[in-house]
Amino acid sequence: MNALMNAYNELRENHLTEGQYDFSRRWLGRDRSYLSSMKARRQVAGTETMVRLAKNLTRAMVTAKAERRNDEAALLDRLSGKVLANILAA
1 MNALMNAYNE
11 LRENHLTEGQ
21 YDFSRRWLGR
31 DRSYLSSMKA
41 RRQVAGTETM
51 VRLAKNLTRA
61 MVTAKAERRN
71 DEAALLDRLS
81 GKVLANILAA
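All residue numbers for the sequence shown refer to UniProt numbering, where the first residue is 1 and numbers rise by one.
By construction, these hints were calculated from the structure, which means they are not laboratory data.
Any given hint could be a false lead.
As the list claims (entries may be wrong) - Here are the simulated lysine-lysine pairs, PhoX-like style, with alpha carbons at most 20 Å apart:
#1 Lys39 with Lys65
#2 Lys82 with Lys55
#3 Lys55 with Lys65
With the sequences and hints as input, model every part of the structure.
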């Protein structure tokens, strides 16, 4: 859950997600209550969810680069790398 929450917190701090519902839908491709349910149950996100997060972070990074939003692209690239490292460590 740490990698997932770290990604959520960084995206939120950088105004790239509006909250848990937005994060669950937009970044995880899940039901809007996914993150809050996972936190309440103290469950760990599955590999499929983490792969989807990494994929969406990478797509957003490519878009940010193309639009010359370099700081945002660097943040998204770093987050994607952390999520992928977490997947490989599992």
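Outcome of the hint check:
1. Lys39 with Lys65: Distance of about 32 Å is beyond 20 Å: violated.
2. Lys82 with Lys55: holds, 12 Å
3. Lys55 with Lys65: With a Cα-Cα distance of about 15 Å, the restraint between Lys55 and Lys65 holds, given a limit of 20 Å.
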